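> Take a look at the letters that make up each chain.
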Amino acid sequence: EAPARVELNVVALAGPTGLSLVQMMEEKPELAPEVTVHYSVVRTPEQMTARIVSGEADFAAIPTNLAAVLYRRGIPIRLAAITNWGVMYLVGKDPAVTGWEDLKGRELAVTGRGTTPDILLRYFLQAKGLDPDKDLTLRYYAAPVELAQLVIAGKVDLATLPEPWVTEAVQKNPEMKILLDYQEEWKAATGSSKSYPQSCLVVRAELAEKNPGLVREFLVRAAAATEWVNKYPDAAAPLAEKYLFISAEAARGSVPRCNLQLLPAWEIREEIDQYLQKLYDFNPETVGGELPDADFYLQK
Amino acid sequence: MEIKAEIEFSLHKVTKSYGALKVLNGISLDVAKNQITAILGPSGCGKTTLLSLVAGSRQPDGGEIRGLENKNCSFLFQEPRLLDWLTVTQNIAFVLKDKLPAEEIEPKIESFLKKTGLFAYRNSYPRRLSGGQRQLVAMARALAYPSRILLMDEPFKSLDPALKFDLIQHFLRLWTAEPRTVLYVTHEIKEALLLADEIYILSQKPTVIRSRHPLPIPRSQRRYDDCSLQALEKRIAGEFRSQDNPAGPAGKTFNFY
Amino acid sequence: MEIKAEIEFSLHKVTKSYGALKVLNGISLDVAKNQITAILGPSGCGKTTLLSLVAGSRQPDGGEIRGLENKNCSFLFQEPRLLDWLTVTQNIAFVLKDKLPAEEIEPKIESFLKKTGLFAYRNSYPRRLSGGQRQLVAMARALAYPSRILLMDEPFKSLDPALKFDLIQHFLRLWTAEPRTVLYVTHEIKEALLLADEIYILSQKPTVIRSRHPLPIPRSQRRYDDCSLQALEKRIAGEFRSQDNPAGPAGKTFNFY
Amino acid sequence: MRISIYKNNFLLLASSLLGVILLWSAVAAVTGKEIILPGPAATFGALLTLIVSADFWCHLGATLLRGAAGFTLSYLAGLAAGVICGLNPYFNTAFRPLLVTIRSTPSMSLILLALIWFRADFVAVFVTFLVVFPLVTQNVADGIKNIDPNLVEMARVYRVKPFRIYKELYVPAILPYLAAAAANGLGLAWKVTVAAEVMAVPARGIGAEMDKARIFLQIPEVFAWTVVVVLLGLFFDRALEAIVEKRILAWK
Amino acid sequence: MRISIYKNNFLLLASSLLGVILLWSAVAAVTGKEIILPGPAATFGALLTLIVSADFWCHLGATLLRGAAGFTLSYLAGLAAGVICGLNPYFNTAFRPLLVTIRSTPSMSLILLALIWFRADFVAVFVTFLVVFPLVTQNVADGIKNIDPNLVEMARVYRVKPFRIYKELYVPAILPYLAAAAANGLGLAWKVTVAAEVMAVPARGIGAEMDKARIFLQIPEVFAWTVVVVLLGLFFDRALEAIVEKRILAWK
Ligand SMILES: Nc1ncnc2c1ncn2[C@@H]1O[C@H](COP(=O)(O)OP(=O)(O)OP(=O)(O)O)[C@@H](O)[C@H]1O
Ligand SMILES: Nc1ncnc2c1ncn2[C@@H]1O[C@H](COP(=O)(O)OP(=O)(O)OP(=O)(O)O)[C@@H](O)[C@H]1O
Ligand SMILES: [Mg+2]
Ligand SMILES: [Mg+2]
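Chains as they are written, first to last, in this note's numbering: chain A, 1 to 300; chain B, 1 to 257; chain C, 1 to 257; chain D, 1 to 252; chain E, 1 to 252.
Isolated chain A, as found in the complex:
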């Protein structure tokens, strides 16, 4: 007889985090005859947390450290795969800035005090022997969108922005150039071949145990979808606008800079560990107070 019907809820956070899933959102490919998948996008972290905590979400695309935090807070989830490898850039008017050391004595606009972009920045600066609090001035803003507005308005000279705001900034304000690349810098600083695993796909633990086949199937499809986005940015752009609140033209430009690549967790334990470790060293709370144990990672 036919197996019981399965309803899958896939929830993505608006913005580049969900970028790798746009094709699936559009085409809703069939994973298995008995499975129906519902895709939804939420705009705020609160909403996402609510969905995950309440167990509504079977798959969720969220920042990697948020996944760790949720796990430590006792929410039964597994980190299934990393979807993108960093979207942070330093933009500015002054082409003279070619390395982090050039930031000495400058004023730099940053978002999210104490969150990953801030921590990475500090890490890079310290690696170059600069004291983030003494050798330069960091001006903090609440949300990237605000900072982007200021950058476009030319009210700030140096700013660290995530995609798609980087593209928005350079498109709308020709003076602005992309000066530094967090991702490259990470590789240089850590000597690893991969950038830092910024966002990931998590899966409900119960689903992962009960139905590993389905999870595997989903990951395979997601990987393909991710590649598609990388291959056809022009086709992906309108979808990004449709689902993820990224304007099409910005999306077109930012796809190559979003470092989309879906790798299952079990293949890249070290990279993830290393990333979380770094965050942990700066502030344990960024990963929930303690590094996650092995159960956090979805097993092969």
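Just so you know, these hints were derived from the structure itself, not from any lab. This one's a predicted model, so the numbers in the text were calculated from it and none came from an experiment. The C-beta atom is built at its ideal place from N, Cα and C for all residues, glycine as well. Heads up, some of the hints might be wrong.
[Said to hold, decoys possible] Restricting the straight-line Cα-Cα distance to at most 30 angstroms, the calculated cross-link-like pairs of lysine-lysine (DSSO-like) are:
| no. | chain 1 | residue 1 | chain 2 | residue 2 |
| --- | --- | --- | --- | --- |
| 1 | B | Lys33 | B | Lys71 |
| 2 | E | Lys161 | D | Lys252 |
| 3 | D | Lys252 | A | Lys172 |
| 4 | D | Lys252 | A | Lys231 |
| 5 | A | Lys155 | A | Lys128 |
| 6 | E | Lys167 | C | Lys108 |
| 7 | E | Lys252 | D | Lys161 |
| 8 | B | Lys71 | D | Lys161 |
| 9 | C | Lys205 | B | Lys205 |
| 10 | E | Lys167 | E | Lys246 |
| 11 | C | Lys108 | B | Lys205 |
| 12 | E | Lys145 | D | Lys145 |
| 13 | D | Lys145 | A | Lys155 |
| 14 | C | Lys114 | B | Lys157 |
| 15 | B | Lys97 | B | Lys71 |
| 16 | D | Lys161 | B | Lys99 |
[Unchecked claim] Sample of chain A residues at the chain E side, in silico, Cβ under 7 angstroms:
| no. | residue |
| --- | --- |
| 17 | Met25 |
| 18 | Glu209 |
| 19 | Glu241 |
| 20 | Phe245 |
[To be verified] Anything over 12 angstroms on all C-beta distances counts as not near chain E; from chain C, calculated:
| no. | residue |
| --- | --- |
| 21 | Asn25 |
| 22 | Leu29 |
| 23 | Val95 |
| 24 | Pro101 |
| 25 | Glu110 |
| 26 | Arg127 |
| 27 | Trp175 |
| 28 | Ala177 |
| 29 | Ser203 |
| 30 | Gln204 |
Got chain A; can you put chains B, C, D and E with the ligands on it based on the hints?
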């Protein structure tokens, strides 16, 4: 006046203080049913307080008041106490609505406004009335309200002589038609002598009853030139001790008061 | 009374209406300097309005008022109009502060409170006073205020006979000591006859001056049994037309009013 | 004369609105950049393009509904609570901490809960309630506390039924307090509703639209919506004022 | 007797606070998940760990300063504006649209401007001003409009200097309105200041801390801060009430 009139309500050794200030210091009096009892006394001796105790809006500290169980009181306060946002008619209707069937209210108010000559002002708001007119509205409200007991605090003040005269006539007619027990405060000895069946004089604080004066002559036959009344007037006036000349107003220009 | 007294201020054909209601319909009168002018008239005829025009708190619709340029007015309103949040002393100080040097205020208030027998209540708040006591505070305020012109609206109402008697004595003494021009409204013919140098009677609305009565006898010599005063009293009383018996209160029980 | 006053008022109103707009364009001119503060021209341009779209009215309707619902609920509740607090000092003392708690609890903490308890649609109503309710309660309570006790005594002596005392004495007596509370509450209601919509992002609603427009950096549109909200505020404020004036001017 | 009342009040107060807490723990128990709604226990645990840290006091101080500054400024301004509006109907008509605009403009539209014009430290003050100022103005205006004209006439006839009329007649007469405005304004001030701090992320400030805690889902800490804010509100509310009571009870 029949001396042994039926008693409507009575106060027994009633005392009342405001904080440290002892006002009523053991007042005992019987108020005769369907008669008019006048209360005179020095300013600030506790007349208003006394009425408010009878009305039940204040509680005595000591003693007790008997015979008021579920009887309605009309209270004509010392100030008009009208609701600024209601017209004259509405102000009177405000107290009547719960007591009379809707259809009776309109005509009743109308008749009382006519009696008090306020009919032309039935739709004016209190702030657009003169002092005397406000007093009249308060009067009409008290009279129109169906009650067993009628308490009045200086009811006829700030009215012109003619109006005052008419009003008193009206009042007496009304009262004779449907008698109620009236307890009222005044400062006008002559007025009391004309209206009252019985006059109580209060002392200075701490206040007790100084004297009680039943009226010797039936109301209808009272004349100013009646010497017994003149004597009574002098006696009463004499009870008001003037601070300056303790001889009392009974002095040279006394006749003017 | 010298007939040709100096004039303090004068009204010329003054008219005043409230919306459609024509109240003052051309009032012309000269108020003699340092004399006491009494105004009598039916309730609601416009006496208070007239005073408020003189005080300048209302503007006449027509006609004009001359001779008030930069003169201070004391106004004893028909209601006490005290500030609830100020004690008796503070209420009086409220109007004095801008007019007297600080050190004079205290003693002045004290003396006036003593005169009105309110000294014991100098620190009470108005809501804790009796009706008559409030009236006294308002009176003290008006008298204590240094002014050329003194306007009073029923100044001696709701006071007990003795107090009223004393107060009038005080008032006269004070006024003789430092004379001011007094324009005052009353409903008591006898009181006017005792106090005033000149009495004006107003008509019903639309209001004009019905009659003017200079007092024939110097204030000090006035006696009630003086027949010329009794005659005058009758005349004045006669001018108040009662609606019921147009013969006027001059009817049978008249003597009581 | 009556008319001339209205004319006058109308002129005044128009001119002061003009004043607001001039101020705005001046500031815009100074700021310079449309992406931060678009001037009236750009804004009204965006507004036009908005209005013609059918969605506009859905969003407007949704917000209108939430704001109105939130306001009405909290106003009625506040009226009741305020009267009780005003009449009964003990209840007042007991209730006040709760009131202050509601009033000064940061929205963030509430949003966290609201997002979980209610559908996104309802969050705005909830948040509005929490802001407006204490406002009304406070004003009503302070109004009641200051009713002339003599009038109350009068009504009691004449044995007027409590409900009628409440309806015909208390309410008219505290009308100015009610007016102030209504004006403040109504004004804040729109602001708060929109803010809540920004955080809860319901399917329809001005707040959600503003947020979207902002994310797409269509700042003129953000301001167009702002204008809509302000107009909402102005409209209801006028309506309110008209009602109150009518009630009070009668007997003043 | 006086004392017994105070005792009473104190008991009432304590019990009602207890009530709030019980309610809270009940809801928490129902919700179950600490990550959504931590109960009193967890919250006060977090609060303790906060309090011992030196930073706590810096953040508290910063927010306290901003809130107080914002409130004081807007209260004084509102008092002045309110008096003018209350006395002069024309000014009132002209000023009211501006008032409504300020009152109902969504913060989102203003925050960016604020960010540009002021240092992050000052944004909170600005935003607080925008909320509290109209509130006070409204109440004061409506209060002034309803002062007994007879008293004003009296003061005028006796030629009392305008400023003294203002100080000794108007202000005491509208004290209850001022009280209501103060209570509401003060309550909202804390809430709004914190919200603004969330948006402007100054170096020090409860809002910024709450936001950080929220991002890392340290919900107990978020609530600990919330408790701090509420306590601020309660404290100042008590202080305020005490002052007002003293002024009014004297003559009531
Ligand atoms: N503010 C007002 N608006 C409209 N009408 C008014 C106003 N004030 C007084 N009136 C009317 O004007 C007339 C005169 O009022 P006023 O108070 O001057 O009378 P009065 O002579 O003082 O009466 P009383 O002896 O009762 O004090 C009255 O009929 C009153 O109804
Ligand atoms: N609410 C109150 N609080 C404190 N003292 C009060 C209060 N009401 C009245 N008193 C005082 O009690 C005394 C009696 O007041 P009451 O009003 O009964 O006097 P009264 O006989 O009516 O005087 P009047 O003839 O002037 O109306 C007065 O001395 C007054 O100061
Ligand atoms: Mg009395
Ligand atoms: Mg009058």
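> With reference to the structure, classify each hint as holding or not holding.
Okay, the hints, checked on the actual structure:
1. B:Lys33 to B:Lys71: 13 angstroms, holds
2. E:Lys161 to D:Lys252: Given pair Lys161 of chain E, Lys252 of chain D holds - Cα atoms ~25 angstroms apart, limit 30 angstroms.
3. D:Lys252 to A:Lys172: 60 angstroms, violated
4. D:Lys252 to A:Lys231: It is violated: about 77 angstroms lies between the C-alpha atoms, which goes past 30 angstroms.
5. A:Lys155 to A:Lys128: Cα-Cα ~27 angstroms, so holds.
6. E:Lys167 to C:Lys108: OK: Lys167 of chain E and Lys108 of chain C at ~23 angstroms, within 30 angstroms.
7. E:Lys252 to D:Lys161: 25 angstroms, holds
8. B:Lys71 to D:Lys161: With a Cα-Cα distance of about 16 angstroms, the restraint between Lys71 of chain B and Lys161 of chain D holds, given a limit of 30 angstroms.
9. C:Lys205 to B:Lys205: At roughly 44 angstroms apart (the allowed maximum being 30 angstroms), Lys205 of chain B and Lys205 of chain C break the hint.
10. E:Lys167 to E:Lys246: Holds - the C-alpha atoms of Lys246 of chain E and Lys167 of chain E are around 18 angstroms apart, at most 30 angstroms.
11. C:Lys108 to B:Lys205: 27 angstroms, holds
12. E:Lys145 to D:Lys145: 19 angstroms, holds
13. D:Lys145 to A:Lys155: 53 angstroms, violated
14. C:Lys114 to B:Lys157: 26 angstroms, holds
15. B:Lys97 to B:Lys71: Given that 30 angstroms is the threshold and the Cα spacing comes to 17 angstroms, the pair holds.
16. D:Lys161 to B:Lys99: OK: Lys161 of chain D and Lys99 of chain B at ~10 angstroms, within 30 angstroms.
17. Met25: 26 angstroms, violated
18. Glu209: 21 angstroms, violated
19. Glu241: 22 angstroms, violated
20. Phe245: Violated, because the Cβ-Cβ distance from Phe245 of chain A to chain E comes to roughly 16 angstroms (cut-off 7 angstroms).
21. Asn25: 24 angstroms, holds
22. Leu29: 20 angstroms, holds
23. Val95: Nearest chain E Cβ is 4 angstroms from Val95 of chain C, so the label is violated.
24. Pro101: The claim holds: Pro101 of chain C sits with its nearest Cβ about 15 angstroms from chain E, beyond 12 angstroms.
25. Glu110: Given that every Cβ of chain E is farther than 12 angstroms from that of Glu110 of chain C, nearest at about 19 angstroms, it holds.
26. Arg127: Given a closest Cβ separation of 6 angstroms, the condition is violated.
27. Trp175: 19 angstroms, holds
28. Ala177: 22 angstroms, holds
29. Ser203: 26 angstroms, holds
30. Gln204: Fine: 25 angstroms to the nearest Cβ keeps Gln204 of chain C off the interface.
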